[in-house]
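Line by line, the protein sequences are chains A and B. Heads up: the first sequence begins at 1 in this note's numbering, then just goes up one per residue. Heads up: the second sequence begins at 1 in this note's numbering, then just goes up one per residue.
Do not rely on the hints blindly, as some may be mistaken.
To be verified - Now the in silico label distances, taken between C-beta atoms and shown as ranges:
1. 445/B with 195/A: 47 to 55 angstroms
2. 190/A with 12/B: 46 to 54 angstroms
3. 10/A with 474/B: 35 to 43 angstroms
To be verified - Stretch by stretch, here's where chain B covers chain A in the computed footprint (C-beta under 8 angstroms, at least three residues):
4. 24-38
5. 43-50
6. 90-97
7. 236-242
8. 346-357
Just so you know, these hints were derived from the structure itself, not from any lab. The C-beta atom is built at its ideal place from N, Cα and C for all residues, glycine as well.
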Amino acid sequence: MLQSEVWFLLRDRAFRVWVLVVLLFSGFAVWSGLAEVAQQRQSIAFLVDADSTDRTSEFSAQGDWGSAAYYSFHLTYDPPSDFAFAAMGQRDASSWKHRLRMLALEGQIYEHDPGNPELALIGRFDFAFFAAFVLPLVLIFLLHDLKAGERTAGRFNLLVASAGNDNRLWWTRSLLRAIGVLIAAVGPLLVGGVVSGTSAASLLGATAMVTAYVLFWTVVCLWLGSRQHPASVILASLIGVWVLLGTLLPAGGRVIIDRLVSVPSGADILMTQREAVNDAWDLPVADTMAPFVARHPEWTGYTHTGDGFDWGWYYAFQQVGDQTTESLSAAYRKGRARRDQLAAWFAIAAPPALLERWLQKLAGTNVEAVLDYEESVRAFHAELRAFYYPGLFGDAAFDPARIDDLPQFSSSE
Amino acid sequence: MSATLTITTDEWRYWLRSKLALAVVALFVVILVGVSALTNLRIEAEAHEREHHQEVSEETFLDQPDRHPHRMVHYGHYVFRAPMPLAIFDPGLDAITGQTLFLEGHRQNSATFSASASSADLGGLSWLTPALMYQLFAPLLVILLGHGAIVREREAGTLPALLAQGLTGRRLVAGKLLALALFVTLLLVPVLISGVIALSAGERVLAAASLLGVYLVYLLIWVALTLLVSTLAENRATAIAVLAAAWLALTLVLPAAAVNTTTQTAPLAGKIETELTMLTEIRDLGDGHDVDDSVYNDVQASLLAEYGAASIEELDINIRGVLAQKAEADLTETLNVYADRRMAAEMRQSDRVSAHGWLTPTLAVAVASRTLAGTDLFHYHRFLRQAEALRINFVQGLNRAHAEALSYTDDINRNRDEASWERARIDASNWQVLDSFQYESASASDRVAGAQWSIAMLAAWIAVLTLLLAWAGGRLKP
Numbered sequence: 001m002l003q004s005e006v007w008f009l010l011r012d013r014a015f016r017v018w019v020l021v022v023l024l025f026s027g028f029a030v031w032s033g034l035a036e037v038a039q040q041r042q043s044i045a046f047l048v049d050a051d052s053t054d055r056t057s058e059f060s061a062q063g064d065w066g067s068a069a070y071y072s073f074h075l076t077y078d079p080p081s082d083f084a085f086a087a088m089g090q091r092d093a094s095s096w097k098h099r100l101r102m103l104a105l106e107g108q109i110y111e112h113d114p115g116n117p118e119l120a121l122i123g124r125f126d127f128a129f130f131a132a133f134v135l136p137l138v139l140i141f142l143l144h145d146l147k148a149g150e151r152t153a154g155r156f157n158l159l160v161a162s163a164g165n166d167n168r169l170w171w172t173r174s175l176l177r178a179i180g181v182l183i184a185a186v187g188p189l190l191v192g193g194v195v196s197g198t199s200a201a202s203l204l205g206a207t208a209m210v211t212a213y214v215l216f217w218t219v220v221c222l223w224l225g226s227r228q229h230p231a232s233v234i235l236a237s238l239i240g241v242w243v244l245l246g247t248l249l250p251a252g253g254r255v256i257i258d259r260l261v262s263v264p265s266g267a268d269i270l271m272t273q274r275e276a277v278n279d280a281w282d283l284p285v286a287d288t289m290a291p292f293v294a295r296h297p298e299w300t301g302y303t304h305t306g307d308g309f310d311w312g313w314y315y316a317f318q319q320v321g322d323q324t325t326e327s328l329s330a331a332y333r334k335g336r337a338r339r340d341q342l343a344a345w346f347a348i349a350a351p352p353a354l355l356e357r358w359l360q361k362l363a364g365t366n367v368e369a370v371l372d373y374e375e376s377v378r379a380f381h382a383e384l385r386a387f388y389y390p391g392l393f394g395d396a397a398f399d400p401a402r403i404d405d406l407p408q409f410s411s412s413e
Numbered sequence: 001m002s003a004t005l006t007i008t009t010d011e012w013r014y015w016l017r018s019k020l021a022l023a024v025v026a027l028f029v030v031i032l033v034g035v036s037a038l039t040n041l042r043i044e045a046e047a048h049e050r051e052h053h054q055e056v057s058e059e060t061f062l063d064q065p066d067r068h069p070h071r072m073v074h075y076g077h078y079v080f081r082a083p084m085p086l087a088i089f090d091p092g093l094d095a096i097t098g099q100t101l102f103l104e105g106h107r108q109n110s111a112t113f114s115a116s117a118s119s120a121d122l123g124g125l126s127w128l129t130p131a132l133m134y135q136l137f138a139p140l141l142v143i144l145l146g147h148g149a150i151v152r153e154r155e156a157g158t159l160p161a162l163l164a165q166g167l168t169g170r171r172l173v174a175g176k177l178l179a180l181a182l183f184v185t186l187l188l189v190p191v192l193i194s195g196v197i198a199l200s201a202g203e204r205v206l207a208a209a210s211l212l213g214v215y216l217v218y219l220l221i222w223v224a225l226t227l228l229v230s231t232l233a234e235n236r237a238t239a240i241a242v243l244a245a246a247w248l249a250l251t252l253v254l255p256a257a258a259v260n261t262t263t264q265t266a267p268l269a270g271k272i273e274t275e276l277t278m279l280t281e282i283r284d285l286g287d288g289h290d291v292d293d294s295v296y297n298d299v300q301a302s303l304l305a306e307y308g309a310a311s312i313e314e315l316d317i318n319i320r321g322v323l324a325q326k327a328e329a330d331l332t333e334t335l336n337v338y339a340d341r342r343m344a345a346e347m348r349q350s351d352r353v354s355a356h357g358w359l360t361p362t363l364a365v366a367v368a369s370r371t372l373a374g375t376d377l378f379h380y381h382r383f384l385r386q387a388e389a390l391r392i393n394f395v396q397g398l399n400r401a402h403a404e405a406l407s408y409t410d411d412i413n414r415n416r417d418e419a420s421w422e423r424a425r426i427d428a429s430n431w432q433v434l435d436s437f438q439y440e441s442a443s444a445s446d447r448v449a450g451a452q453w454s455i456a457m458l459a460a461w462i463a464v465l466t467l468l469l470a471w472a473g474g475r476l477k478p
């Protein structure tokens, strides 16, 4: 039976057309993902170079630690992973590169270097979007009328009679079609993976996810398709299921989760920080130095030089500004992480969202990756402070040659 | 005419008998009302919160004590992007773009804290809005109700009978068209309600009515397409399969694919990338904090000549404030060149994406909708420009106060001792240079003009489909 079914399938024009369409869509998604990743890598390479040139000329032109820290910027970035081409995820909406200096971090880390917001709104046709939303529709189109079609053609009873066990026949037919679609969908992904040097584990994982996902939709199609309704009714119900799982549930989930877990408003973080940093200019120096020294007892002996401007005091109130915002900004991070955890649980009820999230996790383009990157930026900023403070608060003399000892941001590639 | 109306009423009767059609339409309406209510609540809460923050921010600035004027330049100010009235229907870029912008001297910051950056991530289609319901899902209703309109009669064998009674094919199609047109008009009632709510929040009739208009044309495009396929198809199964495939291509695939091709063919250099070049250019400008900067020799000389003074100490005004104004003006000129270039590049990208509206009416209606609602990229840029105008205005106002209200001698001796520090302050009444910020959209007629290409695309779509439908209707013979 299997052989004759395969033969029958290969002569099915609708099947051949849809497999070709899937191949084209998947190929296009993978190809543009690869091109985008190449563009991002190129942009990072340019930035790393230009950043270092700029810093070298600025740092060596300075005569003291304070100015050196003030005029030296440092690039931080999160390079696209070897699987990012398949799922761009948060990279279109969240910042993956910053250029910082040793001023208050809270005033810099939320700076945004996004692409065009209008493009982010429409969304990219990447493999994750294709697989999560387009692929199930193709399966629905192909599988919804297997039974109804035969009924309309008047062959249904004959088929059932000659094939004996009727369930096996429909399973075989559906699965064969699903396998054809699956191969056409995953093929370009694997080729793209080889081109981009993706680890076998990622590719295997992605293939397994997409296979499970295709199987899920095949079962749904078989289940709804086995009802004795006209093909158009079955198609309408299947599309209804797609809308429910792909859009309505996720949209509801987002609203509920955002209500359940509140995050501090960005305005509060920024204004608290600004008040702390800017008030310091008019406050007695001791008011700034006390909380600073409480955090850095090693600089207790530091004395503010003169009545006017002093770099040590200046950087001390930058840090105190960060200290004032600490709890708010931690709550902002925690809130986002919590929302993401809840979304992960909720996605179990919405397979399209689940697949997108899985692929983004593999690609390192999910919310977790964004938060990890932010942590690495914070850690790097702390390293900068550790580097400059002995010069600012101790008695280390400024030496332009020390530029070689500056902390280097290393991306977690 | 009466024959057409009979067809129309028959079609409505047919739908009213279909449990599936009724259930799906009822479900759609329930969801639409739910989504509209939630979006309305969300946007209103956002509007309230941002207005509150704006007020607090302004009060805080004005309440600052007597200070050195340049301290206030660095103290800076916050502006908030209040949502547009029609954002309750189409929030557009509201969730994607930053809501807060910090304004200070010597810098143009970017807007930070977008809602999407902190929201739960549940996939590409989870930002459901009333606008998206119409753009993506209303066409499905039209297909469900309309795909069988003609082909059903063909399958049941009633088509020849109908046509033999002297009814022309075009009349038949017109009757079905009228039935579906009535249906989509009713479907637009929630848009009307959103429009009325927006009117009460200060929106113009022209904008709300145009919005209603583009969605009506958009749904009529789907009506015409559905009837066209129904007229040409051999059976219902083929008709619905073809229409579903067209829906997949036009609503899901093509708009997203347009984004891919645009980022490939018109890539956008990142802000950090262009800022690196800009920083080099800025360093060649003078440092306005430094009176001895050689860049300002000319300014100094001309001031001395103007006031007939022998030295800067003898000037009636504080040269430090004058130089601060000059430096800020020069710097802003350069900053604006880069900001304009950046916005122009973004607009080029957006225009290129919008041009794909010739290929898919979904993109055309989405672009027109955002433009009319004032939630598109143009309006985001408008917010940035209005904020910049506010920034340069209060910064230069403070610099002017620096030049006129604080003597040069007090200024340069400010760090001598506590008393000098006290003398180097100016009265807090000078902080009134800060204007109140009210983000305003373009006029309704400008928005309609901005949407003209997308409207032209929709018009072309409906014109071509109507012609095709007339041709297909004419082919129907007994």
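Verification of the supplied hints:
{"no.": "1", "hint": "445/B with 195/A: 47 to 55 angstroms", "verdict": "51 angstroms, holds"}
{"no.": "2", "hint": "190/A with 12/B: 46 to 54 angstroms", "verdict": "52 angstroms, holds"}
{"no.": "3", "hint": "10/A with 474/B: 35 to 43 angstroms", "verdict": "39 angstroms, holds"}
{"no.": "4", "hint": "24-38", "verdict": "holds (count 6)"}
{"no.": "5", "hint": "43-50", "verdict": "holds (count 4)"}
{"no.": "6", "hint": "90-97", "verdict": "holds (count 4)"}
{"no.": "7", "hint": "236-242", "verdict": "holds (count 3)"}
{"no.": "8", "hint": "346-357", "verdict": "holds (count 7)"}
In summary, this structure violates none of the numbered hints.
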